[in-house]
Each structure stands twice: as C-alpha cells, then as structure tokens.
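Could you slot chains P, A, E, H and Y onto chain C? The hints should help.
Residue numbers (our numbering), protein chains in the order written: chain C, 1 to 290; chain P, 1 to 290; chain A, 1 to 290; chain E, 1 to 290; chain H, 1 to 290; chain Y, 1 to 290.
Rather than coming from a laboratory, the hints here were simulated on the basis of the structure. Ideal Cβ placement from N, Cα and C applies to all residues, glycine included. Careful, some of the hints might be misleading.
Said to hold, decoys possible - Chain P regions said to be covered by chain E (calculated; three or more residues, Cβ under 8 angstroms):
| hint | stretch |
| --- | --- |
| 1 | 155 to 169 |
| 2 | 261 to 271 |
Unchecked claim - Once the Cα atoms are required to be at most 30 angstroms apart in a straight line, the calculated DSBU-like pairs of lysine-lysine come out as:
| hint | chain 1 | residue 1 | chain 2 | residue 2 |
| --- | --- | --- | --- | --- |
| 3 | H | 198 | Y | 244 |
| 4 | A | 244 | E | 11 |
| 5 | E | 11 | A | 227 |
| 6 | P | 170 | C | 198 |
| 7 | H | 244 | Y | 198 |
| 8 | P | 11 | C | 244 |
| 9 | C | 11 | E | 227 |
Protein chains: 6
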Amino acid sequence: MFYHDRRLQYKVRVDKPNPAFAKMLQQAIGGVEGEIRVCLQYLFQAWGNRGPVKYKNMLLETGTEEIGHIEMLATAVALNLEGATNSLKDEIVGKNPLVGAIMGGMDPRHFLSTGLAAMPSDSNGVPFNGSWVIATGNIAADMMANVHAEASGRVLATRLWEATDDPGMKDMLAFLIARDAMHQNQWLAVIEELGGLKQQLPIPNSFPQSEEVQGFNYSFVTTNIYKDQESYGRWAEGPSIDGKGTFQMVPGEPMGDIPILPPPAPEGHAQVEQMTGAAGGLMDKIKDAL
Amino acid sequence: MFYHDRRLQYKVRVDKPNPAFAKMLQQAIGGVEGEIRVCLQYLFQAWGNRGPVKYKNMLLETGTEEIGHIEMLATAVALNLEGATNSLKDEIVGKNPLVGAIMGGMDPRHFLSTGLAAMPSDSNGVPFNGSWVIATGNIAADMMANVHAEASGRVLATRLWEATDDPGMKDMLAFLIARDAMHQNQWLAVIEELGGLKQQLPIPNSFPQSEEVQGFNYSFVTTNIYKDQESYGRWAEGPSIDGKGTFQMVPGEPMGDIPILPPPAPEGHAQVEQMTGAAGGLMDKIKDAL
Amino acid sequence: MFYHDRRLQYKVRVDKPNPAFAKMLQQAIGGVEGEIRVCLQYLFQAWGNRGPVKYKNMLLETGTEEIGHIEMLATAVALNLEGATNSLKDEIVGKNPLVGAIMGGMDPRHFLSTGLAAMPSDSNGVPFNGSWVIATGNIAADMMANVHAEASGRVLATRLWEATDDPGMKDMLAFLIARDAMHQNQWLAVIEELGGLKQQLPIPNSFPQSEEVQGFNYSFVTTNIYKDQESYGRWAEGPSIDGKGTFQMVPGEPMGDIPILPPPAPEGHAQVEQMTGAAGGLMDKIKDAL
Amino acid sequence: MFYHDRRLQYKVRVDKPNPAFAKMLQQAIGGVEGEIRVCLQYLFQAWGNRGPVKYKNMLLETGTEEIGHIEMLATAVALNLEGATNSLKDEIVGKNPLVGAIMGGMDPRHFLSTGLAAMPSDSNGVPFNGSWVIATGNIAADMMANVHAEASGRVLATRLWEATDDPGMKDMLAFLIARDAMHQNQWLAVIEELGGLKQQLPIPNSFPQSEEVQGFNYSFVTTNIYKDQESYGRWAEGPSIDGKGTFQMVPGEPMGDIPILPPPAPEGHAQVEQMTGAAGGLMDKIKDAL
Amino acid sequence: MFYHDRRLQYKVRVDKPNPAFAKMLQQAIGGVEGEIRVCLQYLFQAWGNRGPVKYKNMLLETGTEEIGHIEMLATAVALNLEGATNSLKDEIVGKNPLVGAIMGGMDPRHFLSTGLAAMPSDSNGVPFNGSWVIATGNIAADMMANVHAEASGRVLATRLWEATDDPGMKDMLAFLIARDAMHQNQWLAVIEELGGLKQQLPIPNSFPQSEEVQGFNYSFVTTNIYKDQESYGRWAEGPSIDGKGTFQMVPGEPMGDIPILPPPAPEGHAQVEQMTGAAGGLMDKIKDAL
Amino acid sequence: MFYHDRRLQYKVRVDKPNPAFAKMLQQAIGGVEGEIRVCLQYLFQAWGNRGPVKYKNMLLETGTEEIGHIEMLATAVALNLEGATNSLKDEIVGKNPLVGAIMGGMDPRHFLSTGLAAMPSDSNGVPFNGSWVIATGNIAADMMANVHAEASGRVLATRLWEATDDPGMKDMLAFLIARDAMHQNQWLAVIEELGGLKQQLPIPNSFPQSEEVQGFNYSFVTTNIYKDQESYGRWAEGPSIDGKGTFQMVPGEPMGDIPILPPPAPEGHAQVEQMTGAAGGLMDKIKDAL
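This is chain C alone, in the form it adopts within the complex (with noise of 0.2 angstroms):
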C-alpha cells in the first residue's frame, strides 16, 4: 500500500509564468515520454514479478518515486498558467486576453477544462493510454523497455530545459534529468547483475534456439534493390553481440510462395463475381495463369 508526504520530493518555482510552457510540460506528464507511462510501467512490472523477488522491490521503490514526478510536473503546469487569462493580452492580438492566449499557443483545456492546472495528456492534448505500459512478464524485456521509457524521457526532458529561460524550470528540469541518468544505469544495472548481456540475449533466452530456422538469427537481410551493401555496418560482420553467432550479410529473397486463398465463403456476402469469378474470367483460368 502507498503513503504520501505533502511536500514535493524536489522544488518546483516558476518565475516567470508561461501557459505555452505549460503546454509543452504536458508532455512529460500524460505524453508517451512522460512520468504517468514509467509510473504505472514500473508499478504494473513490479505487481506481476514473478522470479526473484527483490526486482519486485526495487520496481516498486522507482514506480512509487515517479508518482512524486507526476506531481512536480502538474504543480508546474498550474503555476505556469497563473495569469494566463490575461497575462498575454497586450503581446498578442485580439481584445478577448482568453482568445488571445489560446492563439498563442495555449492549450484551450487549460482553461476550459481545468481551471488552470495539468491534465493527463500530452502536449497536443492527446490523453494518456494505457497502451503504452510495458510489462511482458520478462525481466530482460521489461529492462530494455525501461532503459528506453528513461532514454526517451531524458531526450524530452534536456529539450524541455532548452526550451526555457526560467531559472525555477530549468533547476527542477536539471533534478528530473539527473533522475533519469540514474534510471537508465539503474536498469541496466539489472541486466549486469543477471549475467550481462550476452547472457540476456537474445531475449526470451529460456527459448532453445536450436528451434529457430537457422541462418537467418545472425544475418542482415539487405532490401535494397540495388543489393550495394550501402548499410554495411557492425551488423553485417564480426561476432554477435549476444556472442552466439556471427554477423553476415545476405540479399532479401522470398522463400515462400505467392499467397492464393480460397474464394470467399457464401455468408460473408462477397460480391457475385468473386464467388463466380466471372469478371476476370473462372477461377481456375487465373490460377492457370499465375
């Protein structure tokens, strides 16, 4: 079960409010980058652990730790938009101050729908989705969704501090980045702990991969049509990573057939001429012809 401090984990100051910041700090709260994913990520892979119990531990430590973000982050946007119903009157066109700040690049629900405070969606307004929760029930799997989940993050996270001036954003920024640092080691850190990667990998490793078609597990698949090797890379030569094969190069050839499925069933109501094959000719005339 959870308990709460009212105080935030880190200070959050806004010194100079800015609704269209605001707008862009919904990304990192309801957004695919954002702290409502890796909170419920977190939570969900510990909920479902099965295997050795301290990695339950230690997703629930960081999953309940992102919860705090959550609220950082939806303190900011309410303090962002103090003013905002008329703070952008005289810089911006229009004598309404609220039609004005929606014109320069307020989001409409900021006022609409929230009095003035965050919501759970991105920076366009989309709502979070649940969807975007990653817990497989493997722990490799859900480490590398991880490290990606914290990657993305910190990308949103350095853009965001780009993006503003204010001294009180830029320091709770620089706290959430130095986070996600940690995060991303911390994750990893698993991965080092259980073996290392070539043991991980490749991930599920507990499937016998005497059962995979041989030669196409270590093997670059070119598409191109001029067949040039112009993605000649790491990938292409040298040991696998996982240690257990060696990169090769090989030009995409289809091995299978041309697909032909059977004429539609009568209840599914194709059309006449499906069934009869009457408009091109039988059936069987354009099977003959393949």
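Coordinates of chains P, A, E, H and Y only, in the frame set by chain C:
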C-alpha cells in the same frame, strides 16, 4: 520508394485452421509488440534520420523487411480462418455455427468486418495506434526502443509458438523468432559501433552532466517506508554502468515545499466558496495553519 | 511525494484460480469505472486544487489510498491466472490448452503480452484512457464526478462479487465495496460542508443566474411529438432542487431560424456545383424558395 | 423513432467570426464535457432502461433535446469560421493567410478536413470517444453521472461565455447555461422522487451492507505519513450522509501480506534466471529472507 | 431541432435471447460500419453544408432516421441479453453462470458495465470513435464516403443475418438491409443529379487539372519488381472513368533524389556522434560516398 | 515481400521551411485522409483478397506505391522543420524562440518528441488509428471505400496546395494530386470491369433482395416533422441507380412498438426502487398506463 515481389519472404502454411489461433496472431500484427509497429518505427526513424547516413540506410532496410512480416502474418490469419464459419460447428454449443465460433474464441470482426481476413488490430480487436511508434531523433534512444520492441516481439512470438501444435505455424514463427534474435543484436551493434554503452550513456550524451542536479544522478532513492534496504542490489553499489559515477542508496525525502496554488481566477467559475474560502474559514487563515 | 509499504492494504487470496474471472477483474483496474481512473482523478484534483487547502489534503489522502487498490486488484488478477495455461485443458475443447483457454474466456493478452499478469486495460482489453480523469477546478463539479465514479465503481464491484464463488475474491471485493460506500459519503460530505446542495447548485454557483436566458433554467422541455406529458414527474412540477426556481413542463419549439451557411470558400475546393449552385438552380433561387 | 424541424432550438448568431473561438467551441461539441456525450448518454440510458418506465420516457426527452444542442454548436462553429482563410491575414505574421490562421490559433482540420465546419472532436482535435458514455443500468448511479456531466458542461459553458465578447455567442451560451442549470436540477429531482439521497445511498442500495467488510464503510483512511489529521473535515466526524453510519478517521495500515507470485510458467518464456532464481540466489532463499 | 416518438421505426423482437449474438450486434451500433457513425456523419455533413441547401435538407432527413436505427439495435441487444446471467448455465462449463457466460462468448461489459444493455462500442468492446465521421465539405467526396459507409454497413448486416436463426432478429436485419440498399442508391442519386460521375470526377472537380503533374494522373504505376504487367486490367488501358484521360501502365521509377537531412540542431540533444559524425567518419565524407 | 530504392518516387524540395506548414502536412501522413491509411488499406485488402487474383495483384501494386508517398511527406515535414527552433525567433513574441515557435503554430511534439521530424499522427497530433483501415472482403464495398479515401485525400491535398506559396511544396503536392486523380479512376475501373454500378449494386449483390423487407429498399423516408417534401430530389423519384426499383418518398412513421424491457436481474444490483417499482407505483401500473 518501394517495390514488391508477390512471393512471401518465408513460407506460410496452415495445416489445421484454427480461428482462435487467428485471433491470437493478431497480437503480432497490430499489437503494441507487433510488426506494424516495428515497420513504421524503423521507417520513421529512417525518414527523420539526422547524422551519419549509414544508419538511415540500415533502418530503411529493416523497416522494409518488416512490411513482408506483416504480409506473412496477415496471410497466416486468413488461412487460420478457413472454414471458420462451419468448422467449429460440431465442437461447441449452439445450433448456429457462426455464433458458436464466436463463443469458441473467434474474433467476431474476423467474420463480421473482414470476411475472414486479418485486421490492423491486436488480439482483443484494439486498433493499431500510431503513438506506439518511437522515433526521437536521438539514435541511442531509438536503438534502445528498437531493442525493446524486438525483445517484446520475440517474447510474443515464442508464446505463440507454444500456443500452437500446427507444424506450419510453428515453422513460420521459428523464422520470425530468428529474425527477432538478429534484430536485437543488430540494434545493439549500432551502440557498439558508436563506442559502446559507456560512451553512449546517459542518453542523450550531448547534455552536459554538470548541469544535472548533482547527488541524484547515481543514487537509488528508496521510497520504502521502513528504509530497510530490501531493494539492495547491483544498482545500489559499485560503479555506475556508464562509468561516470558510483551507485549509492539514499532515503527518499522531500526537498520541496508544500505546494499551495493561488485562488481560482474569477473567469474560471469555481464555486464561490473556493474563491472566498468561506467554507473552511478565510484562505489566509488556512495558509496560516499550515 | 510518495512512499510504499510492501504489504497490501487488505488481504488478497484466490482459492481457485479462474482466468475468465481475471479478465472480468480488469474492468475494475483499467476500465472507466476502475481504480486507475479514480486514483488519477483524485490526485489531479488535488494537484490542481485552488481554494481552501483542506480539500487538497483530503483528495491527496484518498488518491493515495487508491494506488493500493490497483495493487490489490493487479495481485488478484495474477493469482487468478495461476495455471491458466493448463487448468482449462480438460474442461473445454481442443488439444492445445492455451488455445482452449482463450476459447474459454481468457484474455489472450494475459498470456501473450504479460505472461500471466494484470494490464492497465478493461475487461475487453481496451487500454485505460486519460480522458476519463475529471478535474475541472470547480470543487462541486468535481465532487459530483467523484460520487459518480464511486457509484459506478461500487455497482461494478457488486457485480463482480456476484460473479464469483471464490471466498477469497468475495472477501476482497467486500472490502472494496465498503470503501466505495465510504467514498460516496465522503464526497457528498464536502458538498454538505460547503453549505449543502441548495447553496452549491446550480454548478458553478459563481455564475450570475441573471445572465441566463430566463424561462429555460427550470423548465422541462418535452421533445415528444405528441406533447402528451408522458414524462411527467418530480422534475416537471414543484420547487427546483436548488430552491431557486419552480419546475414546469414546456413543449419543445424552435426559437431559432433555419441555418443557412454561405457558399464554400474557393480555396476549400468543394465541387464546382456547390459553388455555383448549378445542380439545383442558383443559390439565390434556393434561398428564395425557403 | 426520431423527427426534426429544420429550425434551431435557439437562435445562433455570430457577429464577428473568430476561428480561434470556433476551436474553443469544439470542446462543447465533441469534448468529454460536450453535447455528443450527454446526448448519447441519456439516449443509451433510456434504451437500456429497466424499472419504472417513466424514467425511460424522461431520458428520451432530454436526450432528444441534446441533439439540437449539438446542431446549434455545430452551426456556431461554422459561422465562426467564415472568412477564416483570409480574415486573420492582416493581423498576424506571414504572407500566406491560411498558415497565418493556423499560427493564430485555428484548428488546422477546420480548414484541411472539413472545409470550415465543425467536427465531432474536442478543442484539441481529439475525437469523441464512446467510452465517455455512462449507462450502468443503476438509475441512481446514472443520475449522479448525469449531474456530473451537466455540472462540468455548465462550467465549460460559463468559461466559453467569459472567453467571447461576441453578443450572439454570449446569447447562445446563456441559453445553454440555462438548460444546464435545469438539467442538473432535473437529475437530482429523480433522486428526490426515489426517496432522497439517504434512501438511495450507498449506490447500489440493493447490495446488503452486512456483506461489506465492517469498519471500513464509514472510515476516512489517512495515508499521510505523519497521521496529523490535516485532512480533518466533515467526512471525518458526525453521521454519514446516508444516515447509516458514523464517520471516523483511521490511519491507513496494511492488513494484507506481501504478495509473492509463483515462478513464471515455462511456456511464457521469462528469462532463465527468473525461473531458476540464479541471479539473486535461489527463490527459496529469497522467500526465507522476507 | 429534434423530436421523438416512443415507438420504434420498425418492430424489434427476439424469440430466443442470445448473449453471444448481442455481442455481435454491437458492431452495427458502435463499430466503424455502424449506425452511430452514419448518424453523426450525415448530421455533421448537413450542419456544415455549404452550397445548394436541398442537400442539407436531405442529409438531415436521413441522419435523423439513423438515430432510430441505433435505437432499434440497442433494443435488440438488451433483449438478447435477457437471462444472460443464467441461461448459459447449463450449456457450458463452470458452476458460476456469469463466468460461464463470459466463457461462452458474452461481452463481459454487457453485465459488468451496463447491467445487460447496449453500449456505444463495437463487437470487441472498442468504443465508438469520432474520427470515423467523414464530412469534408466537398459534396462528391462526402457522397462517396456515404456510399462506402452504407456498403460496409449492408455487408455487415447481411453477415449478422446469416449468423442468427432467430426469426425476430432476421426480420429486423432484413429491414435494415433494405434501408442500406436505399441509402446506397440515394447517395449515388446525388452524384447523378450533379451531372454524373464524369462531371464530378476527379474529386474535387474545382481544382484545375492543368496544375497536376501531367503524365501521372491516368497512369497505373506498377511497383512489381518484375514489371511483368501481372496487374493488367481495365485500369491500365482505355479511356479513364472520368473521360478526361487514357489509362496506361508505367513502371514505378524514382524521379526524386536520395533525401539527406542536415545534422541535428544542438538543442534537440541527439547523441554527440550524430552531430559530429564521429562514428562513421565525418558527415561530409559520408555524403561524398553517396 | 518488399524492396526499396533509397531515392524518392518524386522530388521533394522546400524552398522556405515553415514549421506551421509542417504541422499541416501531418494530416496527409497520419490523418484519416492520409497516406498511412491508404497504404495499409490497400495492402490489407490485397492480403485478405478472395476471388479473382488480379485484384489482389493490383491492390499490392498501389499499396506499395503509397509507402513511397508516406516517405515523401515525411521528408517534406522534416525539411519544413529546418531551423524551426530559431527561424521564428524574430517574427513572433517572446524571448525564447522555442516557446515562440509553439506559439506560432508549430506542433510541440515536432521538437519535443521527434527532434524535428515527422510522426504517424494528424495535424493536431492525434495518432494514426488502425480502425480507419477498411477491408471488408467484399470487393465492391472496398472499391467504394477506396474512392472515398482518394477523394478525401485529394481534397486535402488541394487545400494544402492552397495553403502554401512554396514552389517545391506546390510541386510535390501537384504530383500527389495527380496520383489521387488516377487512383479514384482506378478503383472505379474495377467496378466497371465487374459489370458496372448497376450490376454491383446494392452492395453486397450476393444477398437475395427478395429477403429484404419490401417497400423500404427504394423509399426516401422523410423525418421532417412537417412532411413538406422539402428534400425532394433525384433520390425521391425515377428509377433507382441500380435499376432494380423506383424511388419514392414516404413519410417516416413508427411501425414498431414502444419497447419495454423487463425489470433488472437481481445480480446486476440496480436500485431497489427499480426492481420493485416503488417510486413510481408498481411496474404493472406503469405498464397499464402506457
């Protein structure tokens, strides 16, 4: 631009059609772990690629290959639906075979909407969503997203492999599992070519770490109310994975204030009592009491 | 900021795992009536709270409690999935137990995507959607949203209670039903503390009612073609609930004009005939004919 | 079945077209607080109504009225878009008036997708979503959902009223605000007719409260780490709103165990180390350590 | 504005309730081929209509009719759910009839969320989505969208007709199938009235075709790698359907360059190696090599 | 399977980058009228094709061409974003150029999420949705869906063409407009080859029209309350388009009963008053009163 060959990249054969398995296969087509996602992900990463062009080339190659994987799986769904409107007739309840098929685990839209063919949806019929496509413009972040996508995709494929006894389906899945093994290695090979994890971390490596709030970039924050270090592990001691710090465990403690927002703006039409503080005494009194 | 205790708020025990019931429980996790929704709803209401701070405190309290409810339900789903890949083997059709389980009412993603654990989705696998989170900044509107959320949540929980014979599950649901009873009372207690329904209605009570179009704020408009007052009831006579008017029934009648829009702008590229009115005579003629 | 009159329920006049205000009006059409939602909500409640048929009749009446409100707002959007492709030309930057209009706060789809007309989307262009329609089959739960819908709808309408200086738009909104006042009263009149809040609470009132886990149905659970009663209020003392209990405040404390799930099923293909517990010592050891 | 009659447009009778068929009927209510979509589509086309007003009138007429079709289908769903919580008891597995019903193909939300009534969702429980509503402001484009909607709707209705043996349901569907036949004809009658396909094509016919890149407006581009004209047909020879050109088949060939984007902007925080080109040699070198 | 050429199908050149136009172009990539939709639509129609195989071939050809159109547009977006983070600096308000750019109509995710590149989303940032892909298995229904897709796509492209003064962009759009002209003709050529509209209508033509409820398949039902035939037109007289009936206009009149559903099932936990009819008198009384 793009071309096609009417033959499949690898053979697709269904020995015993199974509409319930067709429904499961949809996860590999239109699910978050599926082929439409990786196809668009690699292509959008390629199309937006900035920096060494060899990575754009490589991403185009593999993105193009993935179109052919969607094609294979869509063919497999259609073949598993052969006879769906009558084959389950005798196995399950009901006088009406179509309703019986739905009762027997078939996706109703496989009959109602497509006339026995695949859809760009997952195994619950939830449509593919473009928000799953990750292309950040940061190549290391994108490679991590790609490793995650292939890891969850390979986990899915091995589970589908376990869920079927059909030799044709097992063979097709064994091919896709092999490709997913390659692709995991492939994306990590990019990281290696770029200098390896230490050089690439923390992502983005172009942000000056001196700007981070120091002391929090390599600390595991425990939010456990007992602070009993039950989450102790590799992530809490020793050098960080990026080699730029030393892991430590620190207790989660609030460093910020209790956030209090100003009263509502009049034009936002909160309740009168919110604006006057009438219900709970004057706003000032309340603040004093904090 | 937030903390956790690894123990659950209330005991979660599953005596006889049931994958079909696991699927039904998802509605209480990620459905529109579920716990993720109320958790985020109360927290976002707290974080955006303006006005007497005691309500912010209270919302934080209950929002935090709800995280623990998600945790309980996620645990219940995982426990109900124990043995899912073989327990239904003998009960239903098919040689393959996994496909049999899907045919038997299991959510396929509980095996394919999570490896037998919960997801932030509803009982049909539709992902949680952030648009369900209501936080308007008007405390009375929000309290009504909260009563609704708890009412539909309690209805759901009682239906789940009816749908299981498992003593452990019935006990857990009986706890959640009790909490939903409290929470309904709790949100209405805020309305009472603020002066009661009469003082709070109509929401928002800060809008001057003299600005409303008079004559329509306490009239039940009948749209029935026969105007036979078949919908007569409390809402059509007597004093209004807010004590500020008297209910009456009035026939629905158009007070506005037939709306005619000007011809299309040329750069919008409607058909030529739309712009010239060629097909149906000249635009002016048509307007004359109205 | 349904009929229409080509005239509007209330007059819609736009004195000075404003594309940015057209974008804001979309929230009242296709947003979660909007008219499509209440229209479908009341109609689906009517169509699924079980129990006293008078409520079905009444819901049909008001659901039908709401179609006309969508019509009014859609007309208002179209009228606000008159001249959108050139009117902003001189006010803002850029040589190209269309791009200028987008820069000036217009929804780009109002030009690109509809040719200057309304869409069933919100003010950020997020499409209407059927999941917002609440119809539980429990009339008290549904009435609470309806009060909430009208409360948030009226809050929205008052904010739109504040955001415009256009006399025609202010008049139309004043009409809709009046209707929202009536509708809030109307739904609460149903509760009164059914015996009042005390008789209807807790919803559903058909569940035997003796089956609830006693001691938690009237207790405010504090999750604050300091247990300092800072959230003290009406909800923590005195008789409950439903008259069936007495409010009290209790500290949040775990009553359940630490949940430990069994190891993964082999066919789910977790990592080998999860199944053997190799990385962190044997699974049994870990459990011993708890 | 709108009115209603409490009687249905056509009789709805269910002789033998079937919860699995109720689930299938949802596709016709809230699916992409369903009645909510066409209802809103015709109404939004009417409300945004510019040009000859007779089309606005006609669209209003049929849009209003469609509300009554949703009503019929919603009634049919509710009637098919009668006894759903016990009727399947004896037919399928399990001691608990509710779980048995889910296992037997029922939509779980038909019990859990609605108490045995319809929802604005499709047959997989995916909510209706406003993005399906097409109203472009170009009448020919809209008519084509309408023909498509009615064609896919009639295909769906015939499949539902095949899927049931219930005489009442077959009768209701036979009525809807008849209406879909009329509506297909109706929308095409608009095209005929406007001068026929030749005059209306290519849509929009108000764009000067001389501005098109000539040589590609009547050419079938083959992307087949073998260029063997296997796709030869009416679309590859003879006069074009709009009578303004002659079909020909041309091989797909690139007319553009290899697109190379400049290096990333520093504030976007790509990896250092992307900005310097370090990994693969200098950016210029790479470009030289192309 | 599929191949690619690194060169674009047609040249893409941006003379003067414009971030606001980049946002508008997104509609043509990931919008409902966009290229991802038609690409997947034609490919899924091909992969699920049953009946004459020549149509499968043709659909594959054009579906493959469309991938290259997404590529062109994604390139155009990236080129329009060149300098986005500083070019608007001097034109609009604010000291911070990034915030200024957002205020100036840029999609914030073009900077925050992609680092100045395209996304699979529409011009409001709403992600591409797989539900837009139509593939019914009925070739005439699918051709109509395709004509609609190309018609709305061409309307969109002409509006984009109007919205830009950039010669490079105008040229690229003129190419896409030409292709959309061809594709509209192409899909209608299939109808012609299959015997023409009369033979193909009503879709599906394999359903025996004698099973339709006669009298309603060629009748225009007027729902106008005045029955004044104001919607008179080609659809109300003369032979039907399919040549199988004669249009007539009939007044909309209810042919069904007032639908009354039985009381709620006890396990669905409606309110007590719904089950007993207490509030409004006994259920029977109410029914009597109807």
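Three or more residues of the stretch 261 to 271 of chain P near chain E by CB distance under 8 angstroms? holds (count 3)
Going straight from one Cα to the other, do residue 11 of chain P and residue 244 of chain C come out at no more than 30 angstroms? Measuring from Cα to Cα gives roughly 26 angstroms; hence the hint holds.
Quick one, are residue 170 of chain P and residue 198 of chain C close enough, alpha carbons at most 30 angstroms? Given that 30 angstroms is the threshold and the Cα spacing comes to 26 angstroms, the pair holds.
Given the hint that residue 244 of chain A pairs with residue 11 of chain E, does the C-alpha gap stay at or below 30 angstroms? 26 angstroms, holds
For a C-alpha distance cap of 30 angstroms, please report whether residue 11 of chain C and residue 227 of chain E respect it. Judged against 30 angstroms, a Cα distance of about 23 angstroms means the pair holds.
Do three or more residues from the stretch 155 to 169 of chain P put their C-beta atoms closer than 8 angstroms to C-beta atoms of chain E? Since three or more residues must qualify, the claim that chain E covers the stretch 155 to 169 of chain P holds, with 5 doing so at under 8 angstroms.
Taken at face value, is the distance from the CA of residue 244 of chain Y to the CA of residue 198 of chain H at most 30 angstroms? 22 angstroms, holds
Would the pair residue 244 of chain H and residue 198 of chain Y pass a check requiring their Cα atoms to be no farther apart than 30 angstroms? 22 angstroms, holds
Residue 11 of chain E and residue 227 of chain A: Cα distance at most 30 angstroms? 22 angstroms, holds
The earlier numbered hints are all upheld by this structure, with none contradicted.
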